[in-house]
Amino acid sequence: MDALNLIAAVQALQPDAKVREQTDQPTLIVPAHALVALARQLRDDPTLRFDLLETHTAVDWLDEDRFELLYLLASVPLGHHLTLSVSIDRDEPVVPTLCEVYPIAQWLEREVYDMFGILYDNHPDLRRLFLEDDWVGFPLRKDYEDDFMLERPE
Amino acid sequence: MPADSVPMPGESIETPTVVAPPEKHVGVGGAMTGAVPWIDKAGVVGGVFRGIRSLFSGMGVTVGYLMRPSTVVTQEYPENRETLKLPDRFRAQLAFNHDDKGYHKCTMCRICEEACPNVSIIITGREKPAVSKKELDSFVWRLDSCTFCNTCVIVCPFGVLRFDGTFESSVYDRRLLSYTLNRYAGPVASVLEKMEDPEARKAAMDPRDPYSGAAVIAALIEKQKATKVSQRAAREAARAARIAAKAAAAAAPATPPEAKDVG
Amino acid sequence: MSWQVKSIAERTGDLLPGSPWTAVLYVLLTILAVTAFVTVAGLVLIYAERKIAAHFQCRVGPMRVGWHGVLQSIADAIKLLMKEDIVPRDADALLHILAPVLSFAGMLLVMIALPMSPTVQVSDMNIGVLYVTAVSGLGVLGILLGGWSSNNKWSLLGAMRAGAQIISYEVSATLALLVVVLFAGTLQLSGIVQSQETGWWIWRAHGCGIVAFAIFLIAGTAEINRTPFDLAEGESELTAGFHTEYSGLRFSFFFLSEFLNMFVLAAMASTLFFGGWMPLHIGHFAGFNGIMDLLPPGLWFTLKTTAMIFLIMWFRWTFPRLRVDQLMRLEWKILLPIGFVNLFVSAACVVTGFYFFAQ
Amino acid sequence: MSVHVSTLQARISGESTASSPLSTEEYFVNMGPQHPSTHGVLRLVLRLDGETVREVVPVLGYIHRGIEKMGEHGNYRQFVHLVDRMDYLSALANNWAVTMVVEKAAKMETTERIQAIRTLVCELQRIQSHLLWWGVFGMDLGGFTPFFYGLREREQICDIFEKTIGARLTMNYIQPGGVMFDIHPEFVKDVKAFISYLKPKLVEYDALVTDNVIIQERIRGIGKLSAERAIALGATGPVLRASGVAHDLRKSEPYGVYSQLDFDVPVGKDGDCWDRYWVRMEEMRQSVRMIEQLIDNIPEGKTFMVKPAAKIKVPAGVHYSHLETARGILGVLLVSDGKEAPYRIHCRTPNFNNLWCIGEMATGGRMGDLVAMLSSIDIVVPDIDR
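Chains as they are written, first to last, in the working numbering: chain H, 19 to 172; chain Z, 3 to 265; chain G, 31 to 389; chain V, 108 to 493.
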């Protein structure tokens with residue numbers, strides 16, 4: 019399915035979804051509360067069949083005071099791709115988990131929690147993935163400061 | 003696309019595949035995995051014999067190598083130093099290209115320093131250039147942090163740098179891993195070659211010790227320490243200001259209703 | 031011709047006829063002889079294993095210490111002696127220390143019963159086979175204790191595997207030994223060797239010998255914990271199994287006894303199935319037998335044992351390891367039934383006298 | 108709302124789930140971070156019942172280096188050499204993944220020659236990676252000798268790389284805009300000699316390992332992963348293909364010159380360890396096929412399209428591209444704000460997702476099986492931790 023049809027098909031499922039500009043793959047901005055339901059529909063719809071969550075990560079838009087969560091979905095049998103983008107408030111970073119739809123999300127979300135401190139609602143096993151449990155701060159946030167971090171001399 | 007023509011996982015779109023691992027099962031008929039009681043399995047005798055034959059064929063492979071000492075591939079390293087030849091492009095140590103007279107072409111443009119991903123190249127200039135505008139004092143290369151990515155070599159516009167295959171670079175003191183690559187401090191080859199008087203040339207050049215890099219780095223670290231203190235102070239001030247601003251922003255909407263109540 | 035069997039015991043008696051010190055001297059001489067032999071044989075075996083393994087794998091092995099690394103084993107021994115001897119804090123210290131000694135002692139005790147030539151045998155017991163089977167079972171005690179006392183789960187897993195494995199395979203190995211005992215009609219090891227004067231049991235017994243030999247080889251390899259049955263060590267699974275927590279001298283005790291057990295296995299296999307020090311004889315074909323007798327019996331024993339050891343090494347450097355449940359199935363479902371059937375068949379052979387050159 | 112942040116300690120101090128009176132007490136054991144068959148510093152906390160594995164809790168991060176954070180502090184060209192250190196056995200493919208997304212985003216042009224060289228070296232490296240895996244697989248199953256045979260052949264590929272690229276492991280060869288060097292004059296000859304050397308060796312491998320009855324008994328039928336579960340768990344590469352899903356980006360979304368090459372995608376049936384083994388062995392043969400087609404047909408052309416020192420500007424936005432390494436799909440997600448350095452760069456690494464399957468595979472198996480499964484997944488730990 020080509021990008022335009024794909025976007026139309028998804029928007030039929032979730033009318034709130036808006037197209038995100040400046041991307042090279044079809045990307046839709048989805049409200050956080052609609053995420054799980056939409057993902058389940060995307061996975062189960064026989065014409066879409068997004069059965070593979072290829073990756074999930076976050077972007078810290080410090081200036082706009084929000085986190086953008088990116089879910090890269092792919093369909094193994096049909097071979098098309100779709101990115102879901104969810105923006106959440108930087109001060110209250112809570113988003114529903116996708117673990118029930120895509121089991122792999124359990125690790126991917128743990129990584130994002132570890133690096134960005136985004137909390138996943140209903141996640142069965144939310145803890146840090148790479149860093150130690152007592153690590154302070156979330157390293158991939160743009161305002162993370164670490165005295166040991168190497169800096170390029172001017 | 004109609005739903006019934008959607009391929010199932012596994013029968014993906016027009017991909018020529020080699021399916022099915024070979025059916026010749028050389029196992030002993032599941033006798034050892036316990037999936038099937040071994041007596042019930044038909045052809046168990048054949049399976050056992052095929053299994054034993056497979057063991058012998060494996061033994062044949064290994065003994066074949068034992069019998070042929072010519073297949074030994076070990077290189078006994080310090081003994082084969084004479085014959086050991088590394089390829090030209092092998093990246094082991096960064097080196098300066100000095101011409102026959104010992105001059106180099108480095109103009110101190112610092113492109114390599116900027117291109118280096120992890121500050122393994124530190125270039126210092128001379129305080130008082132004698133002849134040309136910019137003169138190289140020391141070109142320090144840190145082997146201890148270099149990742150041998152070769153970027154400095156390909157970005158250099160004058161072909162000053164090269165990687166050579168001198169791979170035996172272990173030392174007992176870590177500080178000795180900072181090399182000064184240029185043999186002398188002073189102007190580039192093009193400037194030196196214009197100077198007619200050999201004595202003047204010599205005066206413009208200052209010999210450099212290859213192991214003096216450690217001193218350069220130590221000085222740099224001292225300088226960075228000083229700047230880091232001030233930088234940290236600035237950072238903390240900015241952070242405090244940010245927090246204050248946020249608190250103020252949080253307090254701001256709360257204030258008017260209070261005022262209202264009072265009023 | 032018949033070989034005169036004369037053990038060290040008798041020789042010591044010749045040395046000091048009628049003296050009460052004979053017994054003491056005998057014990058001292060035995061200890062000295064066996065210890066010296068064990069040490070030298072251990073070093074040689076370790077060197078041989080490293081070299082043979084290397085050439086199986088297109089390497090050269092130790093090359094630096096001495097000519098082609100012949101002194102490598104000695105250098106390693108010195109290194110092991112100088113290493114720190116660690117007893118883990120929460121380990122059962124007494125048992126931790128005792129375990130390698132037990133393992134080593136089991137191996138040493140077997141060593142005294144082996145007939146290496148008509149004149150080189152420490153003690154020629156009339157229950158030799160029974161003694162060897164019984165005493166070699168002592169080694170498993172050392173392994174179990176070592177794994178249990180280390181207070182390490184990996185060690186414990188390795189020890190439990192080893193215990194289950196060695197005890198299981200002991201059954202098959204003994205069944206295979208019994209075949210030869212049946213044919214030879216004696217438990218005495220020198221007697222078994224003598225009984226092969228007209229030919230080795232491996233070919234005289236109409237296939238029973240070959241089957242028994244195969245079972246003995248498999249079961250024996252399993253008993254000495256070598257690949258493909260090295261589950262007790264299981265380097266890639268259990269890091270080092272029962273000796274994970276051992277270092278220095280104590281580790282070397284385990285190590286040495288493992289290698290010497292391989293020698294014991296090879297010596298037993300060659301004694302029982304290949305005539306031990308008995309040269310290759312064919313029935314009463316005196317001419318051929320005479321030519322074969324030109325080589326001294328000690329050399330025959332060495333050659334056969336070396337061949338056996340090489341075979342065991344060959345297995346190790348070719349085969350992968352079995353899984354623990356497959357190991358048990360191999361023993362109880364395959365080897366043991368075959369062993370029993372083989373025993374009955376050979377008993378029938380003995381009763382009917384249906385084998386080559388039966389007297 | 109039920110957001111509860113847990114800790115490792117809480118995770119592994121669960122109660123014993125012994126169900127029958129015969130079952131023994133369960134215990135936890137740490138496999139790793141230093142363990143011979145975790146291939147690096149991976150730590151698996153195992154809940155064991157005797158020899159039976161009840162649960163696997165992977166604990167990651169022992170070699171986490173923050174490559175993604177480092178990427179935000181340098182320019183695009185400087186990021187390329189960092190990804191060498193992720194999956195060090197497919198360093199070239201990693202280079203290519205970053206290069207691909209940068210080239211796609213910045214709309215840089217390449218020549219046929221560049222693409223052919225990239226494809227060629229990546230296929231060589233796939234063989235190299237699978238050879239090492241083959242050796243290690245044999246070693247994990249207790250046979251020591253395959254390790255040396257595998258490394259012996261791999262050494263020859265490393266020598267070829269050494270000549271052309273100048274490095275053996277961390278190459279930094281494929282750059283945005285081209286490849287760092289043109290191929291060495293002896294490259295074609297060396298590769299041909301290697302291919303004719305490798306073919307009989309592959310037959311020998313079958314005699315030594317593939318057909319071996321012990322190997323067959325040990326890896327058949329264990330670690331099964333159905334096609335649906337493999338996709339749901341995000342597995343890619345040989346792990347996914349062994350489960351019967353013919354998903355290979357070289358076929359489905361061809362990059363480089365793969366679309367001009369004739370090759371098959373090996374696919375397994377049951378998704379057990381044996382299928383994974385077989386798929387990798389067959390992939391080596393397919394790679395040999397590809398190299399044979401390509402080696403005589405490297406087109407002429409430039410090998411570097413831009414000046415190496417030229418700054419790369421990527422337009423603002425989200426860019427993603429992925430390719431197939433020896434272990435699965437490596438995707439690079441690039442979020443740019445139009446500046447010289449990436450705003451955020453994220454690598455979707457194959458091993459991360461493949462390792463996640465071990466929990467499902469190993470439960471109920473035995474200790475020895477766990478080692479075989481872990482080896483059949485072919486993990487490279489730095490690629491998981493990044």
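In short, the hints are calculated from the structure, not lab data. Each residue gets a CB set at the ideal place from its N, CA and C atoms; glycine is no exception. It is possible that some hints are incorrect.
[Unchecked claim] Under the rule of at most 20 Å between Cα atoms (straight-line distance), these lysine to any residue pairs were calculated in the SDA-like manner:
(1) V:K176 / H:D161
(2) V:K211 / V:P361
(3) V:K176 / H:P95
(4) V:K446 / H:L80
(5) H:K160 / V:A448
(6) V:K176 / H:Y162
(7) V:K414 / Z:M207
(8) G:K113 / G:S282
(9) Z:K136 / Z:A206
(10) G:K183 / V:A448
(11) Z:K107 / Z:L86
(12) Z:K227 / Z:K136
(13) V:K214 / V:N182
(14) Z:K136 / Z:N99
(15) V:K299 / V:R154
(16) V:K176 / H:W79
(17) G:K183 / V:N182
(18) Z:K135 / Z:M207
[As the list claims (entries may be wrong)] Incomplete in silico selection of chain Z near chain V, CB under 8 Å:
(19) G60
(20) V75
(21) T85
(22) L86
(23) P89
(24) R93
(25) A97
(26) T149
(27) F150
(28) C151
(29) F160
The hints, checked one at a time:
Between K176 (chain V) and D161 (chain H), the direct Cα distance comes to roughly 12 Å. Compliance with the 20 Å bound is thereby established for this hinted pair. Straight-line distance between C-alpha atoms of K211 (chain V) and P361 (chain V) comes to about 14 Å, which keeps the hinted pair within the 20 Å bound. For a cut-off of 20 Å, the pair hint linking K176 (chain V) to P95 (chain H) is broken: about 34 Å separates their Cα positions. Between the alpha carbons of K446 (chain V) and L80 (chain H) the distance comes to roughly 16 Å, so the proposed pair stays at or under 20 Å and holds.
Using a Cα cut-off of 20 Å, the hinted pair K160 (chain H) and A448 (chain V) holds, with the two alpha carbons roughly 14 Å apart. Distance hint between K176 (chain V) and Y162 (chain H) is fulfilled; the C-alpha atoms sit about 10 Å from each other, no more than 20 Å. Simply put, K414 (chain V) and M207 (chain Z) have alpha-carbon atoms about 32 Å apart, too far for the 20 Å limit, and the pair is violated. Taken as a hint, the K113 (chain G) and S282 (chain G) pair is honoured in the structure, with Cα atoms around 11 Å apart against an allowance of 20 Å.
Restraint check for K136 (chain Z) and A206 (chain Z): satisfied, since their Cα atoms lie roughly 13 Å apart, inside the 20 Å limit. Taking the CA atoms of K183 (chain G) and A448 (chain V), the gap is about 49 Å. The hint is violated against a cut of 20 Å. Only pairs whose Cα atoms come within 20 Å are accepted, and K107 (chain Z) paired with L86 (chain Z) is rejected, the gap being roughly 31 Å. About 27 Å separates the Cα atoms of K227 (chain Z) and K136 (chain Z), which puts this hinted pair outside 20 Å; it is violated.
Taken as a hint, the K214 (chain V) and N182 (chain V) pair is honoured in the structure, with Cα atoms around 17 Å apart against an allowance of 20 Å. Proximity of K136 (chain Z) to N99 (chain Z) is assessed by CA-CA distance (about 19 Å); at most 20 Å being required, the pair is judged to hold. Distance restraint check for K299 (chain V) and R154 (chain V): the Cα-Cα separation of roughly 49 Å exceeds the 20 Å cut-off, and the hinted pair is therefore not satisfied. Simply put, K176 (chain V) and W79 (chain H) have alpha-carbon atoms about 15 Å apart, close enough for the 20 Å limit, and the pair holds.
Straight-line distance between C-alpha atoms of K183 (chain G) and N182 (chain V) comes to about 49 Å, which puts the hinted pair past the 20 Å bound. The hinted pair formed by K135 (chain Z) and M207 (chain Z) meets the criterion: a straight-line CA distance of about 15 Å does not exceed 20 Å. Against a cut-off of 8 Å between C-beta atoms, the interface hint on G60 (chain Z) holds, since the closest Cβ of chain V lies about 5 Å away. This hint holds: V75 (chain Z) has a C-beta 5 Å from the nearest C-beta of chain V, less than the 8 Å allowed.
Hint status for T85 (chain Z): violated, given a least beta-carbon distance of 15 Å to chain V, over 8 Å. A cut of 8 Å between beta carbons decides the hint on L86 (chain Z): the least distance to chain V is about 12 Å, and the hint is violated. Checking P89 (chain Z) against chain V: minimum C-beta separation of about 4 Å stays under 8 Å; hint holds. For R93 (chain Z), the interface hint holds, since its Cβ comes within 8 Å of a Cβ in chain V; the closest pair sits about 5 Å apart.
This hint is violated: A97 (chain Z) has a C-beta 13 Å from the nearest C-beta of chain V, more than the 8 Å allowed. A distance limit of 8 Å between C-beta atoms decides the matter here; for T149 (chain Z) the minimum to chain V is near 6 Å, and the interface restraint holds. Evaluation of the F150 (chain Z) hint against chain V yields a held restraint, the C-beta minimum of about 6 Å falling below 8 Å. For C151 (chain Z), the shortest C-beta to C-beta distance to chain V is roughly 4 Å, which falls under 8 Å, so the interface hint holds.
Given the 8 Å rule on beta carbons, the hint for F160 (chain Z) is violated: about 12 Å separates it from the nearest Cβ of chain V.
Comparing the model with each numbered hint stated earlier shows that hints 3, 7, 10, 11, 12, 15, 17, 21, 22, 25, 29 do not hold.
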